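Engineer: Here are the chains, one letter per residue:
There are 2 protein chains.
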Amino acid sequence: MPRTGIIAGSGGLPRLLADGLPEARVIAFEGTATDVPEHRLSRHRIERLGALFDDLRAAGVDRVVLAGAMSRPALDPAVLDPVMRDLAPRILQAMQGGDDALLRLVVGIFEEQGFAVIGAHEALPDLTCEPGVLAGPGPSEATRADIARAEAILAALGPVDVGQGCVVSGGLCLGIETLQGTDAMLRFVAETPDGLRGRPGGILLKRPKPGQDLRVDMPAIGPETARAAAAAGLSGIVVAAGRTLLIDRAALCAECDARGLFLLAERP
Amino acid sequence: MPRTGIIAGSGGLPRLLADGLPEARVIAFEGTATDVPEHRLSRHRIERLGALFDDLRAAGVDRVVLAGAMSRPALDPAVLDPVMRDLAPRILQAMQGGDDALLRLVVGIFEEQGFAVIGAHEALPDLTCEPGVLAGPGPSEATRADIARAEAILAALGPVDVGQGCVVSGGLCLGIETLQGTDAMLRFVAETPDGLRGRPGGILLKRPKPGQDLRVDMPAIGPETARAAAAAGLSGIVVAAGRTLLIDRAALCAECDARGLFLLAERP
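Top line first, the protein sequences correspond to chains L and H.
Under full-length UniProt numbering, think of the first position of the first sequence as 1, with each following residue one higher.
Under full-length UniProt numbering, think of the first position of the second sequence as 1, with each following residue one higher.
Read the hints as simulated data drawn from the structure, not as lab findings.
All figures in this text were calculated on a predicted structure; none of them were measured in a lab.
Keep in mind that the hints are not guaranteed to be accurate.
[What the hints assert, rightly or not] Restraint ranges, calculated between C-beta atoms of paired labels, are given here: (1) H:Pro-268 / L:Pro-200: 33 to 41 angstroms; (2) H:Ala-33 / L:Gly-242: 34 to 42 angstroms; (3) H:Ala-33 / L:Ala-142: 27 to 35 angstroms; (4) L:Glu-191 / H:Ala-59: 35 to 43 angstroms; (5) H:Arg-187 / L:Ala-69: 23 to 31 angstroms.
Just so it is clear, CB atoms sit at the ideal spot from N, CA and C, and this is done for glycine as well.
Just need the whole structure built from these sequences, with the hints factored in.
Structural biologist: Structure below.
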């Protein structure tokens, strides 16, 4: 039986994983806020990764999930352990680059230490979903056209590695997700002057970019996404089946139903 | 000597044209707010386009510029003149579609009536600019890389007819212009949490989409663009030489200089 380690950051995902995998060893860095109850956590300093790896090995962990958001930590050079002294130059260099480079390095470090890095959806398959209408009435014909337009826009952006999400309403593009994330884009869309929008409604399309490492960076939506989409005047949310994490599916679907939004998972 | 008619909407452009072309006949619809002084204006009701065309012809106008933004007007069917009674069905139908379709129809109607439709930059060439650094110190090497990334993003979006503008900072895409326009995008970028931005600086790239009708829909920037770009923490603005309107170039360049922004016009 493989044993899973969870490296817990912020957001709802670490808690869902910890609850769904009662045998898992859950690690969080000192100073990282997480929803996982403190009694489930083993806390470690970022400067002492050697102790963290020893902890995981002693617990029989052979695969790890990197779950939730982590801010770039400050490193106190005075307290590095030998493992971290070896790794620090590579980590400091990667911190100068983008999030993707840093994440790739972190994945590589866990693998060098003998741990497989798996996605949250591999550790707990219920976190993603099969194709179909998961909530609400499903899309109208006009909405189908908006979905097709949103897909064309994200497909065009794939080669330049931008755009996990996009909002289209009445054929008009009202938002393209950039670094700030889905919720920020939906707040932006909500502020669109009424006179500019051709008609009410529209959809949010979320899906991974081509080449995105789904183990550590899968698109995710949750109940707050449904609330933000409703506040932006949209009529539905479209995700890629099997390639989007549903953070608290029951609450997400209930929120969609309550606000008259459909939630559609499309076949990839 | 050709005589120019200006159909004036809101924004700074109609006033610049009216001041730069003292011989021009300037028309505004009843109820449209415009910066052109009322004594320069000939006001017409949208329901009586026949009278508007007669006015232009009587003034010897053979070419018109559609300048500034116009909201979709309400039509009072009781007061349509014969010309407008003929046109109304096409106009009402185009109003159901996007702005582009409506604009194409309006251009077509002026052309059917015997007027050439020209761009503001054709009526007053000073409104656009030659290639070069127009303000500030010019881009650094790191900023050149941001410009190249922004160009790649807008090029990718060309085929789906999205994106007159884009913000890139430290290689990260912080904003893509959608229906709401450049200033809304820059306000969105300004709200980016500091922790997300890799480094300060970054650039705004503005340029037309492929196939955009530059006579009636050329990208434009002005002093408020420079203020918004500075508020978003950017280090410069890049436009397409000859294909971007500079609304009040002197004030724009002064604003850039005062805020330490460069303004670069690139060869198309």
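Engineer: The structure should be examined with respect to each hint, and the outcome stated for every one.
Structural biologist: Here's how the hints hold up against the structure:
Evaluation of the 33 to 41 angstroms hint for Pro-268 (chain H) and Pro-200 (chain L) yields a pass: the beta carbon distance comes to about 38 angstroms. Between Ala-33 (chain H) and Gly-242 (chain L), the C-beta spacing of about 52 angstroms breaks the proposed range 34 to 42 angstroms. Range check, Ala-33 (chain H) to Ala-142 (chain L): Cβ separation about 33 angstroms, and the 27 to 35 angstroms hint holds. Taken as a hint, the range 35 to 43 angstroms holds for the pair Glu-191 (chain L) and Ala-59 (chain H), whose Cβ atoms sit roughly 42 angstroms apart.
For Arg-187 (chain H) paired with Ala-69 (chain L), a C-beta distance near 24 angstroms keeps the hint of 23 to 31 angstroms intact.
Hint violations for this structure: number 2 only, all remaining hints satisfied.
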